[in-house]
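Undergrad: Taken in sequence, the protein lines are chains Z and S.
Following our numbering, the numbering of the first sequence begins with 1 at its first residue and continues without gaps.
Following our numbering, the numbering of the second sequence begins with 1001 at its first residue and continues without gaps.
No lab work stands behind these hints: they were computed from the structure.
It cannot be assumed that every hint is accurate.
Claimed, not checked - Here are the simulated lysine to aspartate or glutamate pairs, EDC-like style, with alpha carbons at most 20 Å apart:
no., chain 1, residue 1, chain 2, residue 2
1, Z, LYS137, Z, GLU536
2, S, LYS1247, Z, GLU64
3, S, LYS1246, Z, GLU536
4, S, LYS1049, S, GLU1117
5, S, LYS1026, S, GLU1162
6, Z, LYS508, Z, ASP134
7, Z, LYS137, Z, ASP525
8, Z, LYS406, S, GLU1162
9, S, LYS1247, S, GLU1220
10, S, LYS1247, S, GLU1117
11, Z, LYS50, Z, GLU64
12, S, LYS1064, S, ASP1105
13, S, LYS1247, Z, ASP134
14, Z, LYS243, S, ASP1105
15, S, LYS1064, S, GLU1134
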Amino acid sequence: MQSARPITPSTLSVTDLPWQIDWDKDACTLCGRCTTVCPVNAIELGVFRKRQLATAPSLVEKTETKFSVFYGIRQRTDPAYRCVGCGMCNMVCPNNAIKPVSKPEAITHRFHMNRGGQPRTRGGRRNTNESLLDQLKFIRISMLTDPALDAGRHEFELRTLLGRVQSPEQGLTAITENGWAPPVREIYPLVIGSMSFGALSPNMWEGLIMGVTYLNEELNMPVRFCTGEGGCPPRLLRSRFIKYVILQIASGYFGWDEIIRSIPEMVEDPCAVEIKYGQGAKPGDGGLLMWYKVNKLIAAIRGVPEGVSLPSPPTHQTKYSIEEAVAKMIQSMYMAWGFRVPVYPKISASSTSMAVLNNLTRNPYAAALAIDGEDGGTGAAYNVSMDHMGHPIASNLRDCYLNLVKTGSQNELPLIAGGGIGKNGNLAANAAALIMLGASMVQSGKYMMQAAAGCLGTEGDRCNICNIGMCPKGITSQDPRLYRRLDPEKVAERLVDVYLGFDMEMRKTLAPLGRSTTLPIGMSDALGIADKDAAERLQIKYVV
Amino acid sequence: MCRLFALASREPVSPIVALNALNVMKEGHDGSGVGLFLHDLGGPFADMKDAPILSGIFTDEGLKRLDEFMHQLGFSPKYSLALTPQTAPPLGTPSRGTYLARAYDTPKNWATMTQEERELLLLSSRLELRYSGEEHQDMRVFSFWPDTIMLKEVGDPMAIAEYLGLDRPELAAGRILAQGRQNTNYAINLYACHPFFIQGVCTMTNGENTAFVPIREYLESRNITGYMGYQSDSEVFAHIAHYVTKKLGLGIEYYKHVITPLSEQELESHRDRERLLRIKQLCRKLIIDGPNCVIGCLQDKTMFMVQDRKKLRPGIVGGKPGIFAFASEVCGVNAAVPDRDQSQDFQPMYLDTAIVRPDCQEITICNQLDLLPRLH
Ligand code: SF4
Ligand code: SF4
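Isolated chain S (complex conformation) (with noise of 0.2 Å):
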């Protein structure tokens, strides 16, 4: 099982505070390899909430490419964070040339387009940039979003950390996903790392859902920018968060009522029965079949955890006002957030998602019993 570990925190930690609690929790998992996401950034990029950056790997002619490429998009360089390791990589990693983090000016006609139009634009490149790159193998995008900063790599978690010098305060963020493994169950790919990210919305998942096959599909079929790539099979877990909150506008809370919806014995007695026996039956071909546990974080920084009933171990989720920490063994919570109420420590079981909000105050318990917000 991959370990995982989520911080939401309101001022801006070092992801090597993430990387320390993969690496407690190591025994149960190999180290073969990272995937991290920053998002709500301090440091400089603190400065420019709103400029897109662009994260990725790239080869000198892959930094070449890039340039003209965004020149041609009308997006010009702003601020860059570049890591181009001196030193030999650690063991299992292979020297892939310079890590990269851009911020950029956006385009003239930026101001008259919509958001919409705005977030097409954006992932519409980074997937041009990642198909380009994918032929010339000279670059490798995971993402080009306001405020958030992607790497994925293969080796030992705290090795590439030292090898990359991840403990730097450009780095610090407030919300930050992590993940220590490389992908198992297809063929080994640094895009089949977790966590995954479009537009805003970023998840990774440890266990396996046995429905991929059908949920790629349909996703796939869905014609949505951006619903692509599936070398592993926890991408469709983003896709769907992505779908149920950006596509359909339905909030946290109904999630998991798509993923892994109320039994027939369950829907009996609900309140809302009409209205989620329909979402049910809209969105069957969404359903999961886990074991699953997913960490996520919506675009307005909201992170949450869910798991489906057959999760035989839960991931757990603590800490106290102004920091949080979701994990999938306790231990790792202890190691980032020692100085907590344990107590008040939450292990959803199959009906529950946590969520904790924007403002980072507390855990909230979401029961798909309970009633759930109005649909508009």
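Isolated chain Z (complex conformation) (with noise of 0.2 Å):
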């Protein structure tokens, strides 16, 4: 019997782990590649003995038993080097001869992901599959009444307003006494969530804002992207591409000194500025790059110095009260822009949602309210924070606006909706089902990270090792070793896919519901769902 290893608390079996390994020894050449290629170590050169009967080829020799050793795969146990199920390891295997299989049913090394008191951080989403989105059906189909239109060949109207919108009233005597009115963008309603420059590795930037201006530039497409909290690169915001870009402030400024020093420099203005309170996959929890990822390139952008973890305070220093937090920022980054960029909140969805909008549609600046929701993705966050903090979208999204619609400003104040949109692949249903419930656009991150870069991570636990800097794909990484995987031109064109693919099912959306000169923005209507409560709270019809 092999002598006994020491056996502690925290000693698992492969049972035990969510990602168990499934190696072939007959197929494995033992070229190694997997092993190299693991982002956590999880698999090792193992050595095995092997049992071996020797049968006698005559009566007079005996048979016997002989053991050798043969080379393998082993999965190490030990929980903080777990499998995440990437399945890099299947993917560069020339014969095929591993992979992952999950395990959903082993929760075990659960008990065990808070060694030397530190509980689980990671990347990702909230790790469920649930979404009401995805219930939600569209039912007002024209047929007779009025003629289905045709998606291919109308003309749609695939434009929001990102910007405060006056009343007619006080836009009509601006207008005639050319007064100030507030700066209003006309963009595409899908906007690229705010994902730093750090949390995300340079090729991926650069495939993005490729992307994107490709987007603006040849297919007309005003498509935005929001930078998230860790600046822009020096060169960005000095060009003509930074109008494509939402600049983000959150609670930590990185990247701050260097964009109000580039002001001055600036040949067009940014999109818009995001002042970030709130997070929807972490609420009430600040910004969190982990040490691995502020090499020199990030620690120059963000104006730190090199390799300290990189934790926002949970809220704006500066902020003492909602009027005061609401009113100071956002006046002060109007000032910094001249008052010719729009400056709007971004929080995460949550039961006081309604007390900042109305804070916000008593002040006339305030360009829009971007909430996000439970299933919102983030590069790293503590687990806690990520499965069980935070509200439903749909619900709050409904409120806020129904509220505005009480008071006669839904036209006056977008509501920016985000949070697990299209996190099981339904993008252009989830946002289309968003702003019929009264979302002026979506904002999204984690879905262009699958579908433009090939991002691994799922809700079923799947890699979310984002916060280490080891991602498998180079997205989430500043590791020049990893990221040169991602080729930025290709990230580009899949970006360009998504959404050309987004707006073809956003027509095939829109066309049967007889829309196309404008956005259904609280087209509610149209909506219904299976499932009498969800349809009573979010007033819309009940249908089975």
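The two chains are supplied separately, each in an independent frame; assemble them into the complex guided by the hints.
TA: Dropping the structure here:
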């Protein structure tokens, strides 16, 4: 018998792990590619003992048992090195000899994910596939009462407004009296959600910006990209492409030294400024860039020392009261660009969203409200925040929209919805549903990583190691050995595919509803759901 | 599709002319109802242009309550046209009581009231009567406005005309809007029948407006008395016309820029680009999603027709100085003004607003690409 290895409380077996490696001895050529590529060192060279029966050819000799060794792959069972199911080993294996197998019932490892008193941190989204947005159906179909439209040939106005729109009365007065009116941008209703330079690799960023530029300049789709908190590369700040960018400022103010310094040299205004107060993936918690990812470049752009973790405080230091926060932050950001750039806050969906909204409607500068639901993604957060904190987007958005309707300001303050849009792949359907519930536009980051860059993360807790800088696809890593796997040109190409595909699916959704001249914001009569309580809560039709 | 017919004439014309035109266009509509708006009246009403006229349908009990109500408000009856049919109603039409158009002398304080206050008083009185009538099921009130009579009923338009004897001189009018069908898209209700009227502005529409719900929510949230009802998706067109012309003070040339604004490319080279872009943004919630054809009459007797680009079969305007007809089909215009120069007929396309000004002299075409009148 093998000598017993020390058994500690955290000694686990493969059967305790969520992803179990299925390795085929006969197909394996021992090339070693899988062990090299594994981002978490979950597999290693294994030396195995083998017993063979040597059957005697004659009666004289006796049959005997012989022992030998053979080499192969062994899965490590230390929870710190558990397999994350990314499947890279399979991707590089020339013989398809290895693959991770999901065992969702194996949960023992969860009790040990807090070594040294450090609970689990990770990237990704709330680990569940449930999605209310997927349950919403579009039920108002034009057939005989009015002709359905041809999604392929009809012209569709897939544009939305970002910025404070005055009431018709105020606006007309401003026109006739030549008064100031808040800046308003006409943009595509799917915005690439905030992902910072630092969270994303330089290649990923470059790819996204290239794709966005192509969409704008070649395809006439005014797509915008939000930077997240982490500044913006100096050359981009001083280029004309900055007009496609929404600059985010958050509680750590990372990168804003550089941004402020570049203002006099800017040739174009940025699209908008987003003030992040909260994020759906980790409401009430600040941003976090872990030290692994803070290399020289990131440190320079953010204006911090290298190799230190960069947590942003959960709240803005200047904030004493909501009125003050709204007034001070919004006004000072407006002032920075001479009142030519819309400024809006982003909050995590919460039962307190309405209070924020009410404050914004009273502030004539607030350009929008971005609400990020519990299913939003992140590059790094505590698992407990991701899985258990936050409010679903649908009802939160709906409440806010109906509140705007009550006060008659539904055209004045655009709502931007985010958090879990397209989490099961249904980007356009989810976006259309949110728009009909009252969103003026939607934001998505994670979907873009998945679709444009091939991110492997899922809500079945696959991969999700974006926080440690070991992203096997080079999307969220600052290690050149990893991010050179990602070709920016290909990311740009894929991003364009994603937008064109989205655009067609939007038309295919709106055409049967007979909508083409404006985005159907708040067209709740088109929505139904087979869940009575949800229907009542969202004030839409209950259909079975 | 509903069949629509409207007439602008210098000399008052019997509503039967309009109903005939509807009848000619009958192929394609089901004649399930009739809605009439009569303005610029001839006959005895011509001598009391400033007296507000209440029109509606009343039961006997309703008539009593009406008298009480109007008395309290200080309005005293001046002249009444009461149609109380003695025969059985035509098939499909319920027996409802008295169809009344009653002109009133205004209350004592009328002289000291501003025009706006007067208009509000007329509107809120009509609404109160409507609410109370709905509660007691004894009054249906369609309009309360000077020089204006309205009638709505279900059933075949010609049969109803005969039943009520609409061919009487008191009903001759210079501006007529007529429509020949009950609503279909939402629950059947007399108040859902076109045309829709508010404070001198009246429109009727055919087609379907798929942006109805957000527009309704927007109008309701304007906090403007009278923006209610919406039993039909078309009522919003009347209220938008009211909002644009009376609340925002814009000319009818702007109406189409609100409900169907120009696209980005079209605006690109427009000389009023800045202003139109702003108006498009400010009034974004009032953008309709058709196909729709709208015919309307404004407070100053201007009549107009517009349609959106999805309207496959546009309406048509034709006539001669002194009389012009607006119809959803050309045969309707032929029936009403046969002796016109047909080559001058006009079918407004998606950029056009066809306007017949109060002088009834000609059809003015306002194209959305044209320069607009200045704002003031
Ligand atoms: S699936 Fe990924 S984490 Fe698991 S062993 Fe393979 S490479 Fe390593
Ligand atoms: S592939 Fe990269 S970005 Fe995607 S979940 Fe894994 S580590 Fe995160």
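Undergrad: Give a verdict on every hint.
TA: Against the structure, the hints:
1. Z:LYS137 <-> Z:GLU536: holds, 15 Å
2. S:LYS1247 <-> Z:GLU64: Measuring from Cα to Cα gives roughly 104 Å; hence the hint is violated.
3. S:LYS1246 <-> Z:GLU536: violated, 37 Å
4. S:LYS1049 <-> S:GLU1117: This hinted pair holds, its Cα atoms lying about 19 Å apart.
5. S:LYS1026 <-> S:GLU1162: Within the cut-off at roughly 17 Å; holds.
6. Z:LYS508 <-> Z:ASP134: Holds, at roughly 16 Å.
7. Z:LYS137 <-> Z:ASP525: holds, 11 Å
8. Z:LYS406 <-> S:GLU1162: violated, 47 Å
9. S:LYS1247 <-> S:GLU1220: Answer holds: LYS1247 (chain S) to GLU1220 (chain S) is near 14 Å, not above 20 Å.
10. S:LYS1247 <-> S:GLU1117: Roughly 14 Å separates the two Cα atoms, so the pair holds.
11. Z:LYS50 <-> Z:GLU64: Since the Cα atoms of LYS50 (chain Z) and GLU64 (chain Z) sit roughly 14 Å apart, the hinted pair holds (cutoff 20 Å).
12. S:LYS1064 <-> S:ASP1105: Given pair LYS1064 (chain S), ASP1105 (chain S) holds - Cα atoms ~18 Å apart, limit 20 Å.
13. S:LYS1247 <-> Z:ASP134: violated, 42 Å
14. Z:LYS243 <-> S:ASP1105: violated, 64 Å
15. S:LYS1064 <-> S:GLU1134: holds, 15 Å
Hints 2, 3, 8, 13 and 14 from the earlier list are contradicted by this structure; the remaining hints agree with it.
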